[in-house]
Amino acid sequence: MEQNMDFLRHAIELAYANVEAGGRPFGAVIVKDGRIIASAVNEIVATNDPTAHAELLAIRAASQQLRSANLEGCSVFASGHPCPMCMGAMRMAGIGAITYAYSNDDGAPFGLSTADAYADLAKPFTEQSMAIKHIPTRIESRPELYADWKRRQAAAT
Numbered sequence: 001m002e003q004n005m006d007f008l009r010h011a012i013e014l015a016y017a018n019v020e021a022g023g024r025p026f027g028a029v030i031v032k033d034g035r036i037i038a039s040a041v042n043e044i045v046a047t048n049d050p051t052a053h054a055e056l057l058a059i060r061a062a063s064q065q066l067r068s069a070n071l072e073g074c075s076v077f078a079s080g081h082p083c084p085m086c087m088g089a090m091r092m093a094g095i096g097a098i099t100y101a102y103s104n105d106d107g108a109p110f111g112l113s114t115a116d117a118y119a120d121l122a123k124p125f126t127e128q129s130m131a132i133k134h135i136p137t138r139i140e141s142r143p144e145l146y147a148d149w150k151r152r153q154a155a156a157t
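Take the sequence shown: its position 111, counting from 1, is numbered 111 in UniProt numbering, and each next residue is one higher.
Note that these hints are calculated values from the structure, not bench results. Predicted, not measured: the structure shown is a model, and the values here were computed from it. Hints should not be assumed to be uniformly reliable.
Stated by the list, open to error - Distance windows between CB atoms, simulated:
1. 141 x 99: 48 to 56 Å
2. 140 x 20: 53 to 61 Å
3. 96 x 118: 18 to 26 Å
4. 1 x 135: 29 to 37 Å
5. 46 x 109: 19 to 27 Å
6. 9 x 157: 37 to 45 Å
7. 152 x 68: 16 to 24 Å
8. 138 x 4: 33 to 41 Å
9. 157 x 111: 25 to 33 Å
10. 108 x 16: 16 to 24 Å
11. 4 x 137: 22 to 30 Å
12. 60 x 97: 16 to 24 Å
All C-beta atoms in this analysis are idealised placements derived from N, C-alpha and C, irrespective of residue type, glycine included.
With these hints in hand, go ahead and build the complete structure from the sequences.
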């Protein structure tokens with residue numbers, strides 16, 4: 001447990017360093033087998049990239065370090081409550097655990113809460129703030145897209 005607290009404190013220190021450098025107060029580390037394999041800070045301000053969250057950048061670095069998009073067996077330690085985008089990416093990567101220090105309630109007075117995004121995503125598509133449409137479309141001269149992908153995957157193995 002103490003080692004986990006050290007990882008969490010490391011993520012918080014990354015966030016402080018990022019604030020001192022003019023960035024947003026978010027840092028993340030990814031741990032596997034008791035050691036940090038990747039770390040990152042929020043780079044939205046530096047890159048003007050709204051997806052440059054600490055967790056996503058750490059996932060990218062960990063994937064490169066492990067030479068795999070599968071991060072099973074990894075844990076994330078983050079300074080703040082991960083947003084829905086980061087949470088989704090962690091799930092898609094197979095990360096098994098997330099620990100964070102500052103909650104959405106902690107961040108709300110400072111405009112740093114993602115609780116509204118979580119609430120909006122919990123609504124049916126027709127009630128969400130973003131227009132979401134499913135229009136089934138196929139190209140007649142091409143094979144079924146997903147079936148073509150699966151066939152090519154099988155042929156490559």
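Okay, residue 1 versus residue 135 on CB: inside 29 to 37 Å?
violated, 50 Å
Hint says 25 to 33 Å; check whether the CB-CB distance for residue 157 and residue 111 agrees.
Check failed, 48 Å falls outside 25 to 33 Å.
I want to verify a distance hint. Is the separation of the beta carbons of residue 140 and residue 20 within 53 to 61 Å?
holds, 57 Å
Can you let me know if the beta-carbon spacing of residue 141 and residue 99 is within 48 to 56 Å?
holds, 50 Å
Check the following: the C-beta atoms of residue 152 and residue 68 are separated by a distance inside 16 to 24 Å.
holds, 20 Å
At the C-beta level, are residue 9 and residue 157 separated by a distance inside 37 to 45 Å?
holds, 43 Å
Range agreement (Cβ of residue 4 with Cβ of residue 138, hint 33 to 41 Å):
violated, 49 Å
Does 16 to 24 Å hold as the CB distance between residue 108 and residue 16, or does it fail?
With Cβ atoms ~20 Å apart, the hint holds.
Assuming the hint says 19 to 27 Å, is it satisfied by the Cβ distance from residue 46 to residue 109 or not?
Taking Cβ atoms as reference, residue 46 and residue 109 lie about 25 Å apart, which means the hint holds.
Quick check: does the Cβ-Cβ distance between residue 60 and residue 97 fall within 16 to 24 Å?
Roughly 19 Å apart at Cβ, these two residues keep to the hinted range, so it holds.
Given the range 18 to 26 Å, decide if the beta-carbon distance of residue 96 to residue 118 lies inside it.
holds, 21 Å
Range hint 22 to 30 Å (beta carbons of residue 4 and residue 137) holds or violated
Hint violated: Cβ distance 47 Å, outside 22 to 30 Å.
Going through the hint list in order, the structure does not satisfy hints 4, 8, 9 and 11.
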